[in-house]
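Read off the chains here:
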Amino acid sequence: MKVMGTSFGRNLGLGSLALVAVALASAPARAEVSPETAFVFNTFSFLVHGFLVMWMAAGFAMLESGLVRTKNTATICLKNIALYAVAGILYYIIGYNLMYVDVSGYIGSFSLFYNPSSAEIDLIGAGGDATPEQIAAVVDNGYSKMSDWFFQMVFVATAASIVSGTLAERIKFWPFMLFTVILTGFLYPIQGSWTWGLGWLNDAGFSDFAGSTLVHSVGGWAALTGAIILGARKGKYGADGSVHPMPGANLPLATLGTFILWFGWFGFNGGSQLALGSAADAANIAIVYVNTNLAACAGVVAAMILTQLLYKKIDLTITLNGAIAGLVAITANPDVQNHLLAIFVGGVGGMLVVFAVPLMDKLKIDDVVGAISAHLVAGIWGTLAVALDADSFSTQLWAQIKGIVAVGVFMVVTSSIVWLVMKYTIGLRVDEEAEEMGLDKAELGMEAYPEFGHGSQSF
Amino acid sequence: MKVMGTSFGRNLGLGSLALVAVALASAPARAEVSPETAFVFNTFSFLVHGFLVMWMAAGFAMLESGLVRTKNTATICLKNIALYAVAGILYYIIGYNLMYVDVSGYIGSFSLFYNPSSAEIDLIGAGGDATPEQIAAVVDNGYSKMSDWFFQMVFVATAASIVSGTLAERIKFWPFMLFTVILTGFLYPIQGSWTWGLGWLNDAGFSDFAGSTLVHSVGGWAALTGAIILGARKGKYGADGSVHPMPGANLPLATLGTFILWFGWFGFNGGSQLALGSAADAANIAIVYVNTNLAACAGVVAAMILTQLLYKKIDLTITLNGAIAGLVAITANPDVQNHLLAIFVGGVGGMLVVFAVPLMDKLKIDDVVGAISAHLVAGIWGTLAVALDADSFSTQLWAQIKGIVAVGVFMVVTSSIVWLVMKYTIGLRVDEEAEEMGLDKAELGMEAYPEFGHGSQSF
Amino acid sequence: MKVMGTSFGRNLGLGSLALVAVALASAPARAEVSPETAFVFNTFSFLVHGFLVMWMAAGFAMLESGLVRTKNTATICLKNIALYAVAGILYYIIGYNLMYVDVSGYIGSFSLFYNPSSAEIDLIGAGGDATPEQIAAVVDNGYSKMSDWFFQMVFVATAASIVSGTLAERIKFWPFMLFTVILTGFLYPIQGSWTWGLGWLNDAGFSDFAGSTLVHSVGGWAALTGAIILGARKGKYGADGSVHPMPGANLPLATLGTFILWFGWFGFNGGSQLALGSAADAANIAIVYVNTNLAACAGVVAAMILTQLLYKKIDLTITLNGAIAGLVAITANPDVQNHLLAIFVGGVGGMLVVFAVPLMDKLKIDDVVGAISAHLVAGIWGTLAVALDADSFSTQLWAQIKGIVAVGVFMVVTSSIVWLVMKYTIGLRVDEEAEEMGLDKAELGMEAYPEFGHGSQSF
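Residue numbers (numbering that gives the first Met the number 0), protein chains in the order written: chain A, 0 to 458; chain R, 0 to 458; chain W, 0 to 458.
Simulated from the structure, these hints should not be mistaken for laboratory data.
There's no promise every hint is true.
Which copy? The list can't say, so a pair holds if one copy fits it or any two copies do.
Only pairs whose alpha carbons sit at most 30 Å apart, straight line, appear in this in silico DSS-like list of lysine-lysine [unchecked claim]:
1. K233 x K312
2. K440 x K311
3. K235 x K144
4. K311 x K144
5. K312 x K422
6. K144 x K361
Computed from a prediction, not measured in an experiment: that's the story for all the values here.
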């Protein structure tokens, strides 16, 4: 198994940093990437791939807007932009430091804020008069500090985005935002420090290239505990075990959201190489792009064929979730050099969704958009599948299980506590009347589509 | 005529590769782009421009979702994500090799799959211990192999996307997918090998920078034969020669789709320079961006003014297709150095759409979204217009006609065979009842907008 | 205050150009970015950040489509794509030259068109045979000429986009387009030359990194004069001082539009560094990304909390405008090194919107989408706030006031003249019947959502 960008931690782009060192020693004689050029490449990779991941916030917003009913659409729009905003601020105030600064096994620094290095400030201030020493002081770090912050920040927003869809149509707005504060400021960064902060899970050999577990399962676990503690939507499950379908109101928007996520995932996985400043890094990122794409393709095809076989009709929503599941599954190991394995991993992800969605309904876990199936179930699968590409299958499998369990236990315990405390204090759920009326009118006093009338399937 | 990236074939970024050779010989004495730096630039250009082109799949999905009627909207969403997925897998399994590997005039290799080079795998595996020889072995290729695969793959998806819109509202789902398999696995790559694979059409002097003919007309020809063989939608054309308008259900989505396509086209044309690793490449890509934008602008303005003059009202749908036609038209020669020529080429493209759309109706060719007009007609125009920028107008014009005819004949014959075989075996068209009911209910058992009621113009 | 990219003018990327000069003198001995590499980086930054800004045109289209009523939706879609097209052509014909070529204090060149340099044409034509002299002749400029043109062009489109939303639902199509011609061909470039063209306002110390005043307030002033001269929509303001709400028809589209704008703003502010070819430039762009994001986050959070406190309900539309206001506010100084200041600047921007929107209604200025509040009010705030980060607060504040007033007076006077001349000649406003019926049927003869029926809130 090649381990670039994983066993050396998420903050080290091995290839290019090593090249930097070599090049510093012998720059004139080599035809390679100069240290400063590598710095620019690495920084630009964080920024370009980061803006793609930021855009995934819009993908979740559209996916969820399309899959809720009209009476709750404005609220889900609001939640999606609000959670991104809260994630950004909390991760700035405390989250990043907890995750990446001076991690000693289980947690990083409790210091506040995160800023450019003084070397960077000096260099920028010097402008055209910068000395070689000033340049070297910055270039030495391999990439600009704030570009990394930006890239990591959009990841925490992704984790938070996963939660909103599952809990839609019945959770109160402000308690949801409070949960987002805790998730993005504390829970996500603490578990993240264990692996990407080079803490104990990284030492234990756990490998998760771009976050099948660290991002997607984390969001999925929080969604799962939330869904259980919050309960199903009124009328969703009959006393007789029947399941009342509550179809999404705007499937083109859901489709758009899925395409946005797919598009953004090139940033999510590609940028997680954490470096672009060498031929090795560039070649590996290209492999990542190809696998990301193939896994999603396979997820779509698998979900389509399976729903056709099982139900004699293709389900658009399941197919969209098949794409997402394929993407989630490959995220733990998107630089696998055997592209057929990527197709396999993504395809299984797509199939898992087909079974997981009705299973959730059987368990009366009401997941409005299928996020638990697509992000948690496929995330676990993808994380395990890393072992298929490992030097030692059993060793790696054991490490992967360790990581999945550790993160799962942590997230289930902590998120349950947060949900339960809120449930029994400020309250988590809108009252029945508000749920019936829809959150848009009840909580926001507005309608998402005030002019579109109401068809036969309105609720 | 400047010929970078065309006469030397689509897989050679001339400027930067030549520089690589020069720089390898005399690196220390020059202040230029080092070979490894050029490799990173070239690879990153494929990736960045490639993700833009991938995003065009969402553009087609939104454009077509907006232009069909509500009862067929979920199906067109499904088709668009499914065709992208199928294209990705088929082009991986066989298509790319047919198009680019060991092309001997008329076709490439029948080998399966496509993988990173062993040199790339070695380099990635070496990590920080890579030797200069290992780096050189990779850098020598000019760009990462899989980055090129990714970029080429999103092109085949574009060709397939063109077909779905024209045939919407009456074609069965699985036959359409089967056609997509054949188009993306075989038809597109075979004709592509003639020019971009450096086959006989390239030798004949045919020039098509980013695919006015190779991508857009190819999709357009397949759509045309499909539309004829499938027949018009029930009720579209009266026995008395009347045309019954069936307006699109969601024009903001169609507008969004057009903007997405425009945005993605910077990747489509810009990335087709196939290199970024030299000042010449970068400067030429900038010219490409400017022309791409100006041609689309001209297509919009021309279509608007012409519809105002002809019909006294501006037609939004025609204007959107005017933008697309301008983009398609400039695609054969987007690096023309006279920007006024780009405005002219795009403007004529926009005007052609205004005439082609009603002409199709007169011919009773039922093109739901206007794709034949925007992609085939404007694609032919743009391909011919390459001659306006050539050293010898008549020589180039002759070469262009040869290419247009060769690709046209090939696509008409092969796609007709495929459509006809399906028509008389598994069937191509849903039955009348299903068409009346809408494909969403008939084939998917769902509605795209279940709550929006039905206005006076529902069908 | 660090002044890279501002006091040296918008067309000079100081950091990298200086490095180019140094490197040319001593390339072999340094491990830095070679001049040609810097050229590629700078050019690619213009292109990548430029395509992000281009995409903002889609953001405005979706935001405005979501915030108008259904009967005017197709028209606002058309206006948005048409204004982008017109801006592109006018800025090519005359605008860019007025703004950037041979600016002598108050205005640039009246010459027509803008083209690649002959050195660029030579280099591209030389292909693989380019001499070092040919390369140097191009590289000397620091970036490709047309890449800069592209980047500047998408900015003028942004200014024009701001106007369309405010004046929606009652302005005639062709007069609006004529105004766009004048705004993008003349008004925007002339005032732009004063600062970014290195004219008198730049000499006076006025600082506006990416255009809080030069782009956003310019659009806002034109929208303000237009709204006053055009008058409010029929029925919007009762004789008794009551305000009749006319809610937007499709809030998920408005949310999507806001996300697109946020996404595109990384290009808007990041690309305004105007260079990427040095560690200093890359590090500064990273800081810009972080601040851009934090300010938008703060705008959202501030608007949410404030509407909750004031109205007991969160308003989605106001919150979306809070994000935009945060972005507009930070645009004048997005490279502030104290990120808490960015949060403050964005948060105040979000709060200003909460007060400005009802204030406009009190003044009976009918701004359909809130653009005056988000772009003009927050733009003034952000421009003033530059002084908070200055070496001398009072000196800078004075310079900022000078700039705000100069641009404001120029835009109010010139845009009023244009609006008034049109009002009393060709007419600005559709007649009452057309306004009642909706512009889609009246001017375009079509409906945006022909099948969606009409709910209780239809107008």
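Hint numbers not upheld by this structure, sorted from lowest to highest: 3, 4 and 6
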